[in-house]
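Chemist: Just so you know, the sequences run in chain order B and U.
With the numbering used here applied, the first sequence corresponds to residues 1 to 328, in that order.
With the numbering used here applied, the second sequence corresponds to residues 1001 to 1278, in that order.
None of these hints come from the bench; they were simulated from the model.
Each residue gets a CB set at the ideal place from its N, CA and C atoms; glycine is no exception.
Any given hint might turn out to be false.
[Said to hold, decoys possible] Label pairs and their in silico Cβ distance ranges:
(1) B:ARG116 <-> U:GLN1027: 28 to 34 angstroms
(2) U:ASP1013 <-> B:ALA120: 48 to 54 angstroms
(3) B:GLN316 <-> U:SER1050: 43 to 49 angstroms
(4) B:GLN316 <-> U:ASP1119: 41 to 47 angstroms
(5) B:ARG274 <-> U:SER1077: 34 to 40 angstroms
(6) B:GLN316 <-> U:LYS1207: 18 to 24 angstroms
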Amino acid sequence: MRILVTGGAGFIGSNFVRRTIEDKYPGLEGAEVVVLDALTYSGNLQNLTPIADSPRYSFVHGDIRDGKLLDTLFPGLDAVVHFAAESHVDRSVMDSTIFVETNVLGTQQLLDAALRHNLARFVHVSTDEVYGSIAEGSWNEERALEPNSPYSASKAGSDLLARSYHRTHGLNVSITRCSNNYGPYHFPEKVIPLFVSNLIDDAHVPLYGEGNNIRDWLHVDDHTRAIAMVLVGGRAGEIYNIGGGTELTNKELTQLLLTSTGKDWSYVDRVADRLGHDLRYSVDISKIQAELGYAPEVPFEQGLADVVQWYRDNRQWWEPLKARAALT
Amino acid sequence: MIAVVTVSHGSDDVLQPFLASVAAASQHPLSVVVVDNKPEGSAAKTIAASFGASYVTDVNRGYGHGINLGVASLGDSADWILVCNPDLLLEPGSIDWLRGCGESDSRIGAVGPRILNADGTTYASARSLPSIRTGIGHALFANVWKSNPWTRRYLHVSAADPHQRDAGWLSGACLLIRGSVFEQLSGFDESYFMYFEDVDLGYRMHKAGYRSVYDPGAAVTHTGAHSTQIESARMLKAHHESANRFLARKYHGHLLWPLRQVLAAGLAVRSRFQQGHE
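Next comes chain U alone, as it looks inside the complex:
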């Protein structure tokens, strides 16, 4: 069984086209779950019902929590779970395409499609795991020197490249995860409110011996960062808090305390810089 789990946060206007695209993305029966973490005044329940999707409400404890709740609500354990934002349109057949890739090697834990921005450009959805050097370099220079080597290494951008490759992590905006691996890793770490829960999942998947594979043969289109556009400053803060949390976990231990301080300082500088410009 293939499951599709999405989290709606005031996403009524995008939910209907999203669910319609999901229905055409596989020839197999799908178990679709809409987790609604902003249910007040939302039409998500009605929309979900019209597509035969199940509907679960959640208090807003973040994206990872919502996805975990959605997966837990599935009756049977799923062979594959598509974790997906609702402001996306899936290409017809794309879920089956990703699954074909995942089934081709039992060591593949997750497969991510090409994610297209609304203007047709490719979003860097499959990246290396942040390390100390790339983390500091990207944090300090991403906004002032766009082609800096640290950012390039981190984003691993190669927009039109059709070659499949292994990635450190895949964007949580859309990825297909092997059900048994999701279970083994206990899903997303819910201590990330948003951002970096996907980085963390990729990191833990890698540590457990599974591959994260970017498969640009399947594509989805981002219709706009819908629910985060509204609260940009708050989201930026969440991004940097999560970045800090991830790097602190990766480089844990007493001896690495000075390093963590440097990373935190770098992220704080970037945060202030960006806020001043947005």
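Isolated chain B (complex conformation):
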């Protein structure tokens, strides 16, 4: 099996690539992986160093919007797993142009290439943020989309486009919608790696508003394992929610991070809340549990402790990224 992984140098994509090459996924043993990544600020070839010497892995520095390039890559492919996206909500608030270009138009280019080359299988990776905020309960896959940020709106656009290529053209595409990911190799602009890397350097951390926003936390290993399950056994045209089962307010998350780094609340600076900041996301994962037997396996406390240790041990990985993005 030969799989094209877009965004495979990013946080979640590279996890999927490493685990695939390590033969961690039933049904994907021995698969060849071609990574296509534009290496924008968050793409990092060092995320792929552990498997870089595998003869089953190859890398293409390219843009998913480049249809001509896709035509050179698609012959011989059995599947595409599409991670490539602009993903940082704060950046989409400042300028949404690249979010629409990459997330919507890029997905369209991939879907069209899939049609041109009669691709057998396509998995489109998306986010629970497309559902919008929910006060109580959890969204299932039937819920109408009400995205609130330019980021989630662009992802919702790409989801609907992917779904339409199944309805209109019969493309064998499934869509996954995950909750908030965490784990090693997470770019240090996102809340957990930002807080951890700041706190272990005795620097302050910014907390939005009152910190009452609630997120479900999903370990990246659980997420990519679920994606592999969908790739192998998911049904065409179907959407699968993927959650981690640990809901925390940002305040609770901050407390856990302070505790695990031996710091107190004097290291926390309250900052004005983000525009359009959704209060709570929560996904119902009973569909993927029932159909594909998925259940999250990494307990949050263990996952978080491992992440803190990983950032302590891998300063050479995150320090240059932080300097580059001028983040504090």
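Could you slot chain U onto chain B? The hints should help.
Modeler: Leaving out everything else, chain U in the frame of chain B:
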């Protein structure tokens, strides 16, 4: 800061389109230096000024010397340096593309683009480091048996392949080098007049633990080997002298003296053979 350093050797006719393509190759401010090692009667100074590039004259002590001089003339140390022949046209955005690749791994010391010949074919700009076996095989057979395995191994040709890969060395015709690595290695070895200074740089970069990465997602077009076409026989001689020098350095030491003699003989045979045919 990104710097662009080129060496002009009677290159007036190509300099203007080259500099225009450089300006469109990055969205960031660039420090462009034109080193002129044949300044007599040259319009390079005027052309450089019209593009806001700085202009430095040099006596002709070779390509590596010219590039080193250009880098030394930069006020601030550069994060990345594009070393480039002037008879090239850079694709829009290509410098930023190469830089994106270089920034994606702190162990990357240099990134080379796809170099297209004027007829649209791909020039083998990212090659393996010459070894004894490939060196002798390539030297003896390159001109009489074009697809011989030694030449294929050395050239590592895979023209339309879009996959990024690590190379032993990247052509000095166009490559982006991390400024700190260029500094650490003291730039090009100036004892090579021309040819093999890039092979030598790739070799030393590899020894220092840095990767040389071929990134065909960015392309530049060679408009013609401008300044070397004029003096082909002399250039051939320079090529073989440099090849000898590189292999002698890689395989230095008393015990390898017989090997060096064999390599030198092989290169001499090739040199004579080629001269007879050109």
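Chemist: Of the numbered hints stated earlier in the document, which are not met by this structure?
Modeler: none
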